[in-house]
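Protein chains in written order, with the numbering used here: chain W, 1 to 410; chain Y, 1 to 217.
Hints in this document: simulated from the structure, not taken from any laboratory. Keep in mind the model is a prediction, meaning the values are calculated, not measured. Treat each hint with caution, since some may be false.
Per the computed footprint, the stretches of chain W lying under chain Y, defined by three or more beta-carbons under 8 Å from a beta-carbon of chain Y, are [said to hold, decoys possible]:
(1) 342-355
(2) 358-368
(3) 381-387
No farther apart than 16 Å at their CA atoms in a straight line, the calculated lysine to aspartate or glutamate pairs in the EDC-like style are these [stated by the list, open to error]:
(4) Y:Lys65 with W:Asp367
(5) W:Lys328 with Y:Glu56
(6) W:Lys103 with W:Glu381
Using N, Cα and C, we set each Cβ at its ideal position, and we do this for glycine too.
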Amino acid sequence: MNSPTDKNNPETGVKSREERAHHEALSPSSRSVTFGPDTPLKLDAGGELSPFTIAYETYGSLNEDHSNAILVFHALTGDQYAASPSPVTGKPGWWSTMIGPGKPIDTERYFVICSNVLGGCSGSTGPASINPATDKPYGLDLPVITVPDMVRAQTMLVDYLGIDKLFSVIGGSMGGMQAMQWAAAYPERVNSAILIATASHHSSQNIAFYEVGRQAVMADLDWHGGRYYDYDVTPKKGLAVARMAAHVTYMSEQSLQNKFGRNLQNSTEKGFSFDAEFEIESYLHHQGMTFVDRFDANSYLYVTRAMDYFDLAASYDGQLAKAFMGTKARFCVVSFTSDWHFPTSASRTIVHALNAAGASVSFVEIDSDKGHDAFLLEEPEFFDAINGFLHAADRSNDQSGNHDDTEERS
Amino acid sequence: MSKPDKKALIVGGRADNTRIDFELVADMINPNTKILDVGSDDGALLELLRDSRNVEGRGIELSQKGVNKCVARGLSVIQGDADEDLIYYPDDSFDYVILSQTIQATRNPKLVLEHLLRIGRKAIVSFPNFGHWRVRSDLLFRGTMPVNDYLPYSWYDTPNIHFCTVRDFVNLCRETNAEIEKAHGIQGDGERISFSAPWWFWNLFAEQAIFLLSRKR
Chain W
1 MNSPTDKNNP ETGVKSREER AHHEALSPSS RSVTFGPDTP LKLDAGGELS PFTIAYETYG
61 SLNEDHSNAI LVFHALTGDQ YAASPSPVTG KPGWWSTMIG PGKPIDTERY FVICSNVLGG
121 CSGSTGPASI NPATDKPYGL DLPVITVPDM VRAQTMLVDY LGIDKLFSVI GGSMGGMQAM
181 QWAAAYPERV NSAILIATAS HHSSQNIAFY EVGRQAVMAD LDWHGGRYYD YDVTPKKGLA
241 VARMAAHVTY MSEQSLQNKF GRNLQNSTEK GFSFDAEFEI ESYLHHQGMT FVDRFDANSY
301 LYVTRAMDYF DLAASYDGQL AKAFMGTKAR FCVVSFTSDW HFPTSASRTI VHALNAAGAS
361 VSFVEIDSDK GHDAFLLEEP EFFDAINGFL HAADRSNDQS GNHDDTEERS
Chain Y
1 MSKPDKKALI VGGRADNTRI DFELVADMIN PNTKILDVGS DDGALLELLR DSRNVEGRGI
61 ELSQKGVNKC VARGLSVIQG DADEDLIYYP DDSFDYVILS QTIQATRNPK LVLEHLLRIG
121 RKAIVSFPNF GHWRVRSDLL FRGTMPVNDY LPYSWYDTPN IHFCTVRDFV NLCRETNAEI
181 EKAHGIQGDG ERISFSAPWW FWNLFAEQAI FLLSRKR
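Modelling step: build the complete structure from the supplied sequences, incorporating the hints.
Next comes the structure, spelled out in structure tokens:
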């Protein structure tokens with residue numbers, strides 16, 4: 001197909017969560033656009049990807065001069081269903097507390113776009129997608145995808161939607177990396193950027209935790225070198241362990257202690273066994289098992305790898321400030337006190353670089369005991385900051401004449 | 001009006017006096033310039049400067065509540081402190097750097113002042129004068145550290161660890177090669193002291209002082 005095509009898929013009709021997830025990977029129920037052979041995507045790993053599909057969801061409506069679009073990015077294992085129920089789990093969108101009518105990212109004012117990342121498994125091209133060269137799933141034949149690759153694909157989506165300049169780019173964690181990449185690589189296309197609980201590069205500790213996860217997946221015999229699709233199995237045990245290890249990094253010591261302490265799962269008596277005795281164990285098992293039903297194991301390898309490779313400063317002679325030199329965009333950087341996965345120090349590094357670049361930047365560290373996951377939860381001060389920043393961005397946009405809805409007085 | 005932390009000292013309950021302080025700062029600033037406000041508090045000064053002087057303003061503020069208020073006002077303010085974060089700003093990146101009622105709460109006032117004059121072409125510093133006659137009378141007659149409506153903290157819980165007098169500050173300017181371009185003294189009743197008055201007079205009667213400084217050539 002030569003031109004991008006847009007489609008709305010009908011209801012799937014399949015039953016189990018795992019089947020639904022697989023179906024969504026190949027044929028998403030959200031909107032999607034496929035870029036054909038005349039618009040290939042250049043990849044950092046070398047070569048081109050073509051054709052490829054980006055699955056996305058939108059909320060609110062685009063105004064006449066196309067100036068109210070906000071691109072929201074999901075984190076590692078998220079999807080495009082930021083503010084609408086997931087077709088796989090049926091649960092509300094992962095940021096439905098943040099995005100909606102009257103919410104901080106107000107869909108009565110803004111046109112909100114969220115796309116599934118390249119390499120993901122919710123409808124955008126990823127390792128579970130069919131490789132047109134073989135008519136089989138890519139598996140590990142899909143080139144390694146980087147954050148800049150994801151962003152390059154998003155620019156094509158934004159072009160396709162007829163938007164020159166985004167009112168804001170907003171994301172947490174890996175989503176924050178994408179927002180940062182947008183602001184650095186396409187400064188003229190971004191009015192403002194909100195970078196939440198993120199970092200300009202993955203730390204050695206971050207890479208280490210993700211490598212534990214990847215090794216767990218690859219050690220599972222059902223992984224079959226990434227070709228498990230051919231065997232009608234999935235490396236569930238390995239992927240569950242990967243998720244469990246990662247999940248620990250998303251929570252703070254304090255929140256684990258408050259939630260579970262040393263409570264026993266089923267009784268007051270110790271069983272002296274290796275079953276899930278403690279509540280925290282059974283909680284982690286649950287996290288692992290619900291994850292494997294909805295997420296593709298190879299995708300997990302790709303998205304964690306994308307984060308590992310992210311190092312924005314490296315593309316600018318090792319000087320992060322150079323990435324933002326001359327930018328006119330306004331920035332808001334947010335961190336959480338108990339986040340040890342992407343600690344405040346990582347946010348400060350970004351803030352210092354933005355200062356050195358002379359950029360307009362606000363930075364808040366939100367007091368929370370919820371750890372890295374705080375950015376997905378309803379923290380009033382966090383919401384106030386986002387609300388205040390966007391409101392101000394709106395005002396400065398008005399002043400610079402980008403809006404024509406200023407009051408006429410007669 | 002609730003005033004957070006370290007900045008409360010001068011203004012505790014004296015909203016009108018605060019405004020004189022701000023207005024004097026605003027008077028020192030040319031329109032359409034780029035300024036950094038170190039210790040932005042709730043952003044009132046930055047907002048005043050943005051609205052009345054059309055400045056491009058940035059700020060640093062210690063308290064999260066303060067930063068949140070600033071951000072809600074549409075100001076570009078980061079959470080940080082004068083001792084730690086000034087180092088990250090390049091030379092000459094601002095026309096003015098303002099340190100309003102904050103220098104006495106910094107760990108290293110001399111270094112902070114040097115940074116102000118490095119980052120900004122001009123620096124504006126305001127502070128409470130510890131040489132004021134009321135402070136002296138507390139020490140002389142009561143033998144205690146002063147606690148009053150403009151110095152509201154007890155000695156053991158004050159964030160203000162480096163109080164100075166007007167004369168001390170003038171000496172520091174000399175040591176750091178700062179040229180005093182303008183100065184204002186404000187008395188307790190809000191009256192201004194003329195710049196031509198001798199320093200000893202200032203040192204006795206100014207509750208707060210505001211200096212416009214530049215680098216000596």
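Hint check:
Counting residues of the stretch 342-355 of chain W whose beta-carbon sits less than 8 Å from any beta-carbon of chain Y gives 4, enough to reach three: the coverage restraint holds. Remark: the stretch 358-368 of chain W is confirmed as covered by chain Y, as 9 of its residues place a Cβ nearer than 8 Å to a Cβ of that chain, reaching the required three. Note: the stretch 381-387 of chain W has 4 residues with beta-carbon separation from chain Y under 8 Å; the three-residue rule is met and the coverage holds. Distance check on the hinted pair: Lys65 of chain Y and Asp367 of chain W sit about 10 Å apart at the alpha-carbon level, within 16 Å; holds.
For the proposed pair Lys328 of chain W and Glu56 of chain Y, the alpha carbon gap of about 12 Å is at most 16 Å, so the pair holds. A C-alpha spacing of about 14 Å is found between Lys103 of chain W and Glu381 of chain W, which places the hinted pair at or below 16 Å, so the restraint holds.
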